[in-house]
Amino acid sequence: MIDKRFRRALDALHDVPDGATILVSGFGEAGNPTELIHALIEQGARDLTVVNNNAGNGEIGLALLLKEQRVRKIVCSFPRGSHSHVFDELYRAGRIELELVPQGTLAERIRAAGAGIPAFYTPTGVGTEIARGKETRSFGGRDYLLETALSADFALIKAERADRWGNLLYNKAARNFAPVMAAAAKVTIVQARHVLEPGDLDPETIVTPSIFVDRIVHVPDPVRESDHLAALDKARPA
Amino acid sequence: MIDKRFRRALDALHDVPDGATILVSGFGEAGNPTELIHALIEQGARDLTVVNNNAGNGEIGLALLLKEQRVRKIVCSFPRGSHSHVFDELYRAGRIELELVPQGTLAERIRAAGAGIPAFYTPTGVGTEIARGKETRSFGGRDYLLETALSADFALIKAERADRWGNLLYNKAARNFAPVMAAAAKVTIVQARHVLEPGDLDPETIVTPSIFVDRIVHVPDPVRESDHLAALDKARPA
Amino acid sequence: MTGWNREEIAARAALDIPDGAYVNLGIGQPERVADLMPAGREIILHSENGILGMGASPAPGETDMELINAGKKPVTLVPGGAFFHHADSFAMIRGGHIDVCILGAFEVTCSGDIANWSSGGNAAPAVGGAMDLVAGAREVRVIMSHQTASGRPKLVEALTLPATGLGVVKRIYTELAVLDPARGGFRLVELAPGVDLPMLERATGASILAG
Amino acid sequence: MTGWNREEIAARAALDIPDGAYVNLGIGQPERVADLMPAGREIILHSENGILGMGASPAPGETDMELINAGKKPVTLVPGGAFFHHADSFAMIRGGHIDVCILGAFEVTCSGDIANWSSGGNAAPAVGGAMDLVAGAREVRVIMSHQTASGRPKLVEALTLPATGLGVVKRIYTELAVLDPARGGFRLVELAPGVDLPMLERATGASILAG
Numbered sequence: 011m012i013d014k015r016f017r018r019a020l021d022a023l024h025d026v027p028d029g030a031t032i033l034v035s036g037f038g039e040a041g042n043p044t045e046l047i048h049a050l051i052e053q054g055a056r057d058l059t060v061v062n063n064n065a066g067n068g069e070i071g072l073a074l075l076l077k078e079q080r081v082r083k084i085v086c087s088f089p090r091g092s093h094s095h096v097f098d099e100l101y102r103a104g105r106i107e108l109e110l111v112p113q114g115t116l117a118e119r120i121r122a123a124g125a126g127i128p129a130f131y132t133p134t135g136v137g138t139e140i141a142r143g144k145e146t147r148s149f150g151g152r153d154y155l156l157e158t159a160l161s162a163d164f165a166l167i168k169a170e171r172a173d174r175w176g177n178l179l180y181n182k183a184a185r186n187f188a189p190v191m192a193a194a195a196k197v198t199i200v201q202a203r204h205v206l207e208p209g210d211l212d213p214e215t216i217v218t219p220s221i222f223v224d225r226i227v228h229v230p231d232p233v234r235e236s237d238h239l240a241a242l243d244k245a246r247p248a
Numbered sequence: 011m012i013d014k015r016f017r018r019a020l021d022a023l024h025d026v027p028d029g030a031t032i033l034v035s036g037f038g039e040a041g042n043p044t045e046l047i048h049a050l051i052e053q054g055a056r057d058l059t060v061v062n063n064n065a066g067n068g069e070i071g072l073a074l075l076l077k078e079q080r081v082r083k084i085v086c087s088f089p090r091g092s093h094s095h096v097f098d099e100l101y102r103a104g105r106i107e108l109e110l111v112p113q114g115t116l117a118e119r120i121r122a123a124g125a126g127i128p129a130f131y132t133p134t135g136v137g138t139e140i141a142r143g144k145e146t147r148s149f150g151g152r153d154y155l156l157e158t159a160l161s162a163d164f165a166l167i168k169a170e171r172a173d174r175w176g177n178l179l180y181n182k183a184a185r186n187f188a189p190v191m192a193a194a195a196k197v198t199i200v201q202a203r204h205v206l207e208p209g210d211l212d213p214e215t216i217v218t219p220s221i222f223v224d225r226i227v228h229v230p231d232p233v234r235e236s237d238h239l240a241a242l243d244k245a246r247p248a
Numbered sequence: 087m088t089g090w091n092r093e094e095i096a097a098r099a100a101l102d103i104p105d106g107a108y109v110n111l112g113i114g115q116p117e118r119v120a121d122l123m124p125a126g127r128e129i130i131l132h133s134e135n136g137i138l139g140m141g142a143s144p145a146p147g148e149t150d151m152e153l154i155n156a157g158k159k160p161v162t163l164v165p166g167g168a169f170f171h172h173a174d175s176f177a178m179i180r181g182g183h184i185d186v187c188i189l190g191a192f193e194v195t196c197s198g199d200i201a202n203w204s205s206g207g208n209a210a211p212a213v214g215g216a217m218d219l220v221a222g223a224r225e226v227r228v229i230m231s232h233q234t235a236s237g238r239p240k241l242v243e244a245l246t247l248p249a250t251g252l253g254v255v256k257r258i259y260t261e262l263a264v265l266d267p268a269r270g271g272f273r274l275v276e277l278a279p280g281v282d283l284p285m286l287e288r289a290t291g292a293s294i295l296a297g
Numbered sequence: 087m088t089g090w091n092r093e094e095i096a097a098r099a100a101l102d103i104p105d106g107a108y109v110n111l112g113i114g115q116p117e118r119v120a121d122l123m124p125a126g127r128e129i130i131l132h133s134e135n136g137i138l139g140m141g142a143s144p145a146p147g148e149t150d151m152e153l154i155n156a157g158k159k160p161v162t163l164v165p166g167g168a169f170f171h172h173a174d175s176f177a178m179i180r181g182g183h184i185d186v187c188i189l190g191a192f193e194v195t196c197s198g199d200i201a202n203w204s205s206g207g208n209a210a211p212a213v214g215g216a217m218d219l220v221a222g223a224r225e226v227r228v229i230m231s232h233q234t235a236s237g238r239p240k241l242v243e244a245l246t247l248p249a250t251g252l253g254v255v256k257r258i259y260t261e262l263a264v265l266d267p268a269r270g271g272f273r274l275v276e277l278a279p280g281v282d283l284p285m286l287e288r289a290t291g292a293s294i295l296a297g
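Just so you know, the protein sequences line up as chains S, C, Y and E, in that order.
So the first sequence is numbered by the numbering used here: it starts at 11 and just counts up by one.
So the second sequence is numbered by the numbering used here: it starts at 11 and just counts up by one.
So the third sequence is numbered by the numbering used here: it starts at 87 and just counts up by one.
So the fourth sequence is numbered by the numbering used here: it starts at 87 and just counts up by one.
Hints in this document: simulated from the structure, not taken from any laboratory.
Please note: incorrect hints may appear among the correct ones.
Here are the simulated BS3-like cross-link-like pairs (lysine-lysine), alpha carbons at most 27 Å apart as the crow flies [stated by the list, open to error]:
no.	chain 1	residue 1	chain 2	residue 2
1	C	Lys244	E	Lys159
2	E	Lys159	S	Lys196
3	S	Lys77	Y	Lys159
4	C	Lys144	S	Lys144
5	E	Lys159	C	Lys77
6	C	Lys196	Y	Lys256
7	S	Lys196	S	Lys83
8	Y	Lys256	S	Lys244
9	C	Lys83	C	Lys244
Assemble the whole structure, with the sequences as input and the hints as a guide.
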């Protein structure tokens, strides 16, 4: 029988080693696997490379992982935010490495890793600082950059519904990077609001088929980052 | 107002020129836009390059287009079939050009065209005749072939449900190449069993978003290829 | 009152979008365009984070933080909208399927060069989807303030900041005017109320080509 | 009766699939494996045309020609199955997500080389998904007849037909035996009932390494 469920997030993360590369789903507040990241903080792995579109908000989830100085390097497209003070301070102090990747190139590099494509050409970034050190090549009279697949040891993602096999559905714009990240990691760990049995999800509507998922943790009532940020703003000295 | 509906298939195909490259959805019998192909036969364009997984069955749809000698070249992964006699004869007589592409490379080349990726590397076909004339390059100690995007002037695809904007759902394994083909052509023409209004399809379940679709023809009761093949077998001299 | 306010600039940009267009809205000022769609047109808004058919801001108390725009602010979905993942979203952008994108900018040149991702200095750069958009959208337009807070022109002859893309911007909307990058200067399309040509010329770091 | 019949070969191959495996079935003989799954295991079958969770053949009168396998024959879907498009399907294959694939073959060598797409001559070649599968699946197994219709060995030292992939096949199931390509010959795993070693050696175009 296939049962990918783990009772506790900490158990699902037991084998994350120091130095691991971890894909983390989410865009802004939507789709962040906050409970899995908090379990990762508890678990203790350090010297991590984290891939996420942003660099954390407030002092929760990814921002908290950064604050605990567990991240050596972050790969992202948009680290700036109204509540990105943890990253901002680490970056200014030179205590975290930043690999800035255009958002579409980031998504495509992750997708390529999951699809067995080691490298591809893209028009994005030609003639800019992003092109520095990258091969430029012309196809049909236009220049493109060579970009390589971005794979990882683990992916931590958030889903709306999962079945025991690992089929996944998402909620609205919380889908974002999760489907490509699920396919690109050696071990994909999901926190899902609802966990069901195989056959409960319509096979026409499944977004992430079970083949891409390794471990499932049921988190029925995940924290709302916006509540945390509102509380943070309120507590902030005027 | 956005209304991509055409009352007749022939009208939706009015501007297909001689020499056009056309992507045609379908795998075996599932997902073939047979009524659109029959309209293309009536429309008269010739000297076509057709991209499909197969090379037609019986004397219907793509096989009939071939029989009418309207196709100069076919790009496919698997032209052989129990009912591929039209293609077989043309091929043996040297009257049709064949570009044989491994199925995953075919899907990925079409996907790349729709995604603005001019070329990518793949492990498929390394060390085989398929690699002949292609650049081989090593990444991480493994060899890969460079493959280029496969775009087209038109895509003819079959869907189960469409709305007026062009959002599409498919039926089971009839989905196959249609979503990637819809994105890879300058003009994408869909035949759909059901045509609805925007908002009738659940936004979480839409497979092909409307941005990839240009023209919609309502074909409520498409021909069943298996009926045609059964009749053909029955009529065949013993 | 001289010039357009932020809402009027966004409404002016919205007015130029044809019926049936697929339009991406970037972060910042362009986000407002979603609330100012001209009546009688079906325009389909794309948001890089996986939304087609993005609608206006939600009514107070109806916000859903899993339905947000590129600027991470709550939005709505119109009937006919769809959700998809990030690789599919940027396939739409990079693949040339977006008719118009409207971006914010730090600087734009009369050659159509744009800088909007790095302000130099030691603050972290943030490129987001901007480089993909300028490389992939069929037409790139910009909504921006005409000058910096300290009064330096942002419409210039040559970029002083790192480029996002070169020769890509086709139209610019500011509080003072609508302008098109053109050979040797910015071609004036429309002046905002109360703005005259000398005023516009003083605020601009390149020639204004009128008429 | 000597050797296994077609059904028994497929059942023997099915027996080697561990619980929880994701398995792709190729065209021809491997298709039968779907009907012969060992009881008590959850094995998830992948079909290249966009199916995960492919089930057995449908009951007569319940065929749906929009639910077919790689060989274009009607199948079913098990609870927990999913449909997806071709690029996603081959992302599963090429991306190394398939644990086992079972292919048919014209020839296999004791080095694990396989030929199954072109029989030479003037018949059209047909590669399908075979080259993607041998490049991407974690383990490649083959179900094939031991000899051609005219009695020529198909398990050989070197390919005479164009290669599909080199050094990829790990196990072969024929009507005579289960064999693993090994340095210098085929290692015998199991003999079919009524088959002895000399018989197997006569039918094979390379050494048999027994024990």
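Tested hints:
1. For the hint linking Lys244 (chain C) to Lys159 (chain E), the alpha-carbon distance of about 19 Å falls within 27 Å, and the restraint holds.
2. Annotation: proposed proximity of Lys159 (chain E) to Lys196 (chain S) is violated, straight-line Cα distance about 34 Å (limit 27 Å).
3. Restraint check for Lys77 (chain S) and Lys159 (chain Y): satisfied, since their Cα atoms lie roughly 25 Å apart, inside the 27 Å limit.
4. A C-alpha spacing of about 22 Å is found between Lys144 (chain C) and Lys144 (chain S), which places the hinted pair at or below 27 Å, so the restraint holds.
5. Under the criterion of a C-alpha separation no larger than 27 Å, the hint pairing Lys159 (chain E) with Lys77 (chain C) is consistent with the structure, at around 25 Å.
6. Between Lys196 (chain C) and Lys256 (chain Y) the alpha-carbon distance is near 23 Å, which keeps this suggested pair within the 27 Å criterion.
7. A distance of roughly 19 Å separates the Cα atoms of Lys196 (chain S) and Lys83 (chain S); the hinted pair therefore holds under the 27 Å criterion.
8. Distance restraint check for Lys256 (chain Y) and Lys244 (chain S): the Cα-Cα separation of roughly 43 Å exceeds the 27 Å cut-off, and the hinted pair is therefore not satisfied.
9. For the proposed pair Lys83 (chain C) and Lys244 (chain C), the alpha carbon gap of about 31 Å is over 27 Å, so the pair is violated.
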